[in-house]
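There are 2 protein chains.
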Amino acid sequence: MEFGNIERLQVGTILQSRREMKTLGYHTPIQAGIWGASKTGACSIVLSEGYEDDIDEIDYIKYTGHGGRDPRSPKQIADQEFTVGNKGLQISCDYNLPVRVWRGFQTKYGPEKGYRYDGIYYVKEYERVIGVSGFYICRFHLVSEDSYEKIIDKIDSTIKDDAGTPERVPTKGSRIKRDYSLPDIIKRKYSSKCQVCGVQLKSPSGDIAIGAHIKGLGKPHEGPDKLSNMLCLCPNHHAQFDAFSFYIEPKNLEIKNLEGFEGKKIKIKHKIDMKYFAYHKEIFNEKNSNTQN
Amino acid sequence: MEFGNIERLQVGTILQSRREMKTLGYHTPIQAGIWGASKTGACSIVLSEGYEDDIDEIDYIKYTGHGGRDPRSPKQIADQEFTVGNKGLQISCDYNLPVRVWRGFQTKYGPEKGYRYDGIYYVKEYERVIGVSGFYICRFHLVSEDSYEKIIDKIDSTIKDDAGTPERVPTKGSRIKRDYSLPDIIKRKYSSKCQVCGVQLKSPSGDIAIGAHIKGLGKPHEGPDKLSNMLCLCPNHHAQFDAFSFYIEPKNLEIKNLEGFEGKKIKIKHKIDMKYFAYHKEIFNEKNSNTQN
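Residue numbers (my numbering), protein chains in the order written: chain S, 1022 to 1314; chain Y, 1022 to 1314.
Just chain S, same shape as in the assembly:
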């Protein structure tokens, strides 16, 4: 199982069948959409029939894992679990492994015939939530390593005619680049002390803290890269904040749902825009109401 770019395989390449993809070693399972396992992670997925919960925006894909479907229809009839390929995609997220994405002729932005290789994506988040069917699904948020415009450039001529290019104005070069000096500014303001617990972690190469975005950068959250959207957190509370274990009440800055911190407020030494806390709280509610542990 090879991860990442395969030398001979160019973005935009179309193969006629799943069997051909198997023969060339690009995606070995003939049926399964996910090529992956719990030891290795998942290296490749194929978008084909599509689950009822899927979303495709070319550079961003909301993808449902496998399992729990009626063999005779695309209907969900049982819960999905983080096993086999779903576990593989979870590993690919946790360890930031590259995933090759193929779009089939069955999909909105796929080719007229066969399966097209659309490049490397990364799994940015996953969750297990109740899908529209009423059953639990494993959901993955995949983001392309290329910008929307770059992908379109490479595959444009092969997108099927009836779908056309999606309604979005190409904005070449307008992609916001991240400013890596902002985390340093935040860390200096708080002397690298966590705004939740106050811990200051020393190391021989400098204090350890994370300049964390409240509303996540880029897809799927599209939060802005500015100080008013950032916090200074220790790695533990950063991991829990990003996993929506707790939230900050935008009305009074109280820490909510975090053991040992009931009724406490975060320390503030810079201007934060409360709408980002409100957004984070909204996702918190979605993930925590929907989730089985």
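What the hints contain is simulated information worked out from the structure, not anything from laboratory work.
The structure presented is a predicted model; accordingly, all values stated were derived computationally and were not measured.
You can trust all of the hints, since none of them are fake.
Just so you know, same-sequence chains aren't split out, so a pair can sit in one copy or run between any two.
Heads up, simulated DMTMM-like pairs for lysine to aspartate or glutamate below, C-alpha to C-alpha not over 20 Å straight-line:
hint: 1; residue 1: LYS1145; residue 2: ASP1115
hint: 2; residue 1: LYS1223; residue 2: GLU1303
hint: 3; residue 1: LYS1223; residue 2: GLU1148
hint: 4; residue 1: LYS1288; residue 2: ASP1205
hint: 5; residue 1: LYS1175; residue 2: GLU1028
hint: 6; residue 1: LYS1171; residue 2: GLU1028
hint: 7; residue 1: LYS1060; residue 2: ASP1205
hint: 8; residue 1: LYS1223; residue 2: GLU1280
hint: 9; residue 1: LYS1236; residue 2: ASP1294
hint: 10; residue 1: LYS1223; residue 2: GLU1275
Put chain Y on the given structure of chain S with help from the hints.
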């Protein structure tokens, strides 16, 4: 400043001069070895004269930052700081950004003439230590995204004759792949409780803990991927362990140099090989004796 692969630029490409590299936009500074800044990270470095502390093993490079040198000789005459390009490489490490590496004709494994593009590397670690000159240097450990054998395959014909290929037996396909199920095994053994502090971090997508390697995987540490080389740690103590803020005494498992944990021992529920703690302690001593904060 473009990061990562550039479409037209193949690994093994040789350009005749730094000016040509600038004109084509591959490495814009004419003199500086590092193309980077504190806001963006560093996207490209050129290995040329070489600092007295540098090591080049093709897939692994121990690279000294810039600054503090006598303008008329390669001698170090002052301390280096994490500013400009050095700050850029530090950012590239913290955020795992791809760095393009060029080897010049002046280097052991460079081409006969000009500068050869040798592909994408990642900065795995950095430190500020006293170099052989007696002055502080910023040191970076870069590891290629490709295996040693793959790089050699791509550039072999252009390595200068007098250096030849380095003395190492190519071991195609023998590269150890990581087993991503091991962290899960470790986490289950400890119910995701940190072996240092005992904290158990909840989240809606499962408990948060890290199956951490004691002797780091791959270059530069070359630790093995097995349970006897692993710990279950919370993100905070993982970050501090990896940054050599503290160590575990191999003789008695006591936690050393960590505020609040003096005289305490880590909890053990699986077999750990003490030689990995001894290795980690050795690096701890090197980093902490040498380091200025």
